[in-house]
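Participant: Each chain, letter by letter, is given below.
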Amino acid sequence: MNAALTFDTLLALLLLWSAWQALSTPKLDRAVIMFIVFGLLLTLVWSRLDAPDIALAEAALGAGLTGTLLLDALAAFGQTGQPAGNTGFVTTIKRFPTILVLLVLLAALLAALSKLPLQAVNLPAMVAQQMPDSGVSHPVTAVLLNFRGYDTLLEVAVLMLALLGILTVGLPVERPLLSRNLLVPILARYAVPLMTLAAIYLLWAGSHRPGGAFQAAAMLAAGVVLLNLAQVQPRWIPGQHWIRQLISAGFLLFLCIAALLLMLNGGLLHYPPDQAGLLILLIESGLTVSLAINLAAFYLLRSDRPEPLPNQEDEP
Amino acid sequence: MSSGLLFAVVGCLLFVMGLGGIILLDHLLRRILAFNLLGSGIFLVLVGLAQRNGRPDPVPQAMVLTGIVVSVAATALALALARRHQAAGGNTGQTDRTSPEERHD
Amino acid sequence: MIGSELLLALLLLVNLGAALVRAAQGPTAADRMLAALLFGSTGVGILVLLAVIQQTPALIDVALTLALLAAISGIAFAQRAWSQAVLGRRRGTASKTEDGDAA
Chain A
297 MNAALTFDTL LALLLLWSAW QALSTPKLDR AVIMFIVFGL LLTLVWSRLD APDIALAEAA
357 LGAGLTGTLL LDALAAFGQT GQPAGNTGFV TTIKRFPTIL VLLVLLAALL AALSKLPLQA
417 VNLPAMVAQQ MPDSGVSHPV TAVLLNFRGY DTLLEVAVLM LALLGILTVG LPVERPLLSR
477 NLLVPILARY AVPLMTLAAI YLLWAGSHRP GGAFQAAAML AAGVVLLNLA QVQPRWIPGQ
537 HWIRQLISAG FLLFLCIAAL LLMLNGGLLH YPPDQAGLLI LLIESGLTVS LAINLAAFYL
597 LRSDRPEPLP NQEDEP
Chain B
4 MSSGLLFAVV GCLLFVMGLG GIILLDHLLR RILAFNLLGS GIFLVLVGLA QRNGRPDPVP
64 QAMVLTGIVV SVAATALALA LARRHQAAGG NTGQTDRTSP EERHD
Chain C
470 MIGSELLLAL LLLVNLGAAL VRAAQGPTAA DRMLAALLFG STGVGILVLL AVIQQTPALI
530 DVALTLALLA AISGIAFAQR AWSQAVLGRR RGTASKTEDG DAA
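Chains as they are written, first to last, in the working numbering: chain A, 297 to 612; chain B, 4 to 108; chain C, 470 to 572.
Some clues are possibly wrong.
Only pairs whose alpha carbons sit at most 16 Å apart, straight line, appear in this in silico EDC-like list of lysine to aspartate or glutamate [claimed, not checked]:
{"id": "1", "chain 1": "A", "residue 1": "Lys323", "chain 2": "C", "residue 2": "Asp500"}
{"id": "2", "chain 1": "A", "residue 1": "Lys323", "chain 2": "B", "residue 2": "Asp29"}
{"id": "3", "chain 1": "A", "residue 1": "Lys390", "chain 2": "B", "residue 2": "Asp29"}
If you are wondering where the hints come from, they were derived from the structure by calculation, not from laboratory data.
Only chain A is shown next, with the shape it has when bound in the complex (with noise of 0.2 Å):
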C-alpha cells in the first residue's frame, strides 16, 4: 500500500508542479503546453479516484478539445512574449497584501480539511437503493439522467447558452494556412472512423459502465476538429443553419420528454420504471448528437468573412 501511496504524492507534485508552471513560465505557448500536461495529469488523479467518468470526459475534452481551442487563441493573441508579472520591487511590495491574503485563505482551507464533520448522509447507498428502478446499471448516468435529470438539461442549455454568447461576440476568420500538410489528411482519414466508433461505444457503453452523452460527444467534437486541422472541413458559419437546427434539436427532445413525463407522472423527469431505460437511451442519443456540434462550434464556429493575408496588403 506504500507504493499506492508515493505513487499518488508523486502524481499530486507533478500536478502541482505543472500548474505552477502554467501559471509562471515566462511565455504564453509555454503556458498553454503546460496547462495541456496539466490535463493529462488531471486525467490521471481522475484515474486514481476510481472515477472513470470524469477521466473519459478529462481525456476526450483535454486532449480534444480545450488544447486546441487555446493554441488558436494563441495563434490570435500572437507571440508576445512579454513576462507573466512585472517582478520589480515595487510591484512585489504592491501584491504583498494579496498574496498574504491568499495564504492565510489556503491556512483556512488546509484546516478545514483538518477537522472534517462525519458525513451525514450516505448518497452511496441512497443511489444504490434507488439503482433497480432508474432503468439502467451503471450509478453515474443513473444520477445524471435519473435521479438529477433537470441538471443536465440545465447544462445543456448552458452549454447552447455559451455558444450563443460567442455567435454574439462573433470571431473573425484567421487566415487559411499557408501550406497543405500533407500528412495530417492521411491520419484524420484513419483515426475520424476510429474516433466515430468510439464516441458509439462510449455512448453505447454507458448504460451498465463508465461511458455516456458526454464523453461520446467530446469524442465526436475531437473528431470534427481533427478534420478541421486536416483542412477537410472549413469553419462554419452562423448562416449554415443545419448547425443551429442539430444544436437544437437534442435540447428540444429532452426538454419535449420531460414535459411529457411531467403532464402523465406530475414530476419533471420522473420516469417510470419500465420505459426509464429507453427513454434514457433516446434522450442520450439526442444529446450526443447536438453536444458534440455544440462543442465543436466552439472551436469551428466563426462570424465574419477571413482577414486579408497582411503580405498580399503590404505588396505593392
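Dock chains B and C against the given chain A, drawing on the hints supplied.
Facilitator: Relative to the frame of chain A, chains B and C by itself:
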C-alpha cells in the same frame, strides 16, 4: 491518508493558486488558464472529500462531470471575449492593468 | 503481482516527471510539444496499468480515448508553428528589403 483526502488537499492548493493567478496575473489568456486551474481545484475537493473513506461516490462524480463540460463552455466563451477585446484594439493586459475595459472579464 | 505492476506504474510516472522537466525547460517550442506528446503515450501506459491495479476495466476505455486524441493538440501546435515560421520568413524578408531601401 487516503488518496481522496490527499487530492482534496491538492485541490485546495490548486484553488488558491488559480485565485491568485486571476487576481495577480496580467494577460487575459493566463487569467483564463488560472480560472481553469481554480475550477479543477474545486472539482478535486468535491470528489476527493466525498471519497475520503475510499469508496467511489457517483453523486459528486456526476456533478463534476457536468461541471467539466460547463467549464469548457465557459473557457470557450471567455477566449472569444478576450479575442474580441484584443481585435477591438484593447490591450490584453501587458502594460495597463487598470483600464476600465479590463473589468469585464 | 499487483505490487510489481504498481512499481511499473511508478516508474512510468517518474518518466513523466522527466518529460515534465523537458517540457518546462526544452530550449525550443518543438521540444516542449514533443515532451507533451510523450505525456500522451506514457499516460496511456499508466492508465492500462492502473486498470489492472485497481481492477477497473473502464480505465482501459480512458486509455483508448487518450490514445485516439493525444495527437490532436500536437497537430494543432505543429500547424500553428509551421504557419508562423512561413509567415515569419516572409515578413522577415519583407522587413529586410525595407531596411535595404532605407539604407
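Participant: With reference to the structure, classify each hint as holding or not holding.
Facilitator: Here is how each hint holds up against the structure:
With a CA separation close to 15 Å, the supplied pair Lys323(A) and Asp500(C) stays within the 16 Å bound. Between the alpha carbons of Lys323(A) and Asp29(B) the distance comes to roughly 13 Å, so the proposed pair stays at or under 16 Å and holds. Distance check on the hinted pair: Lys390(A) and Asp29(B) sit about 14 Å apart at the alpha-carbon level, within 16 Å; holds.
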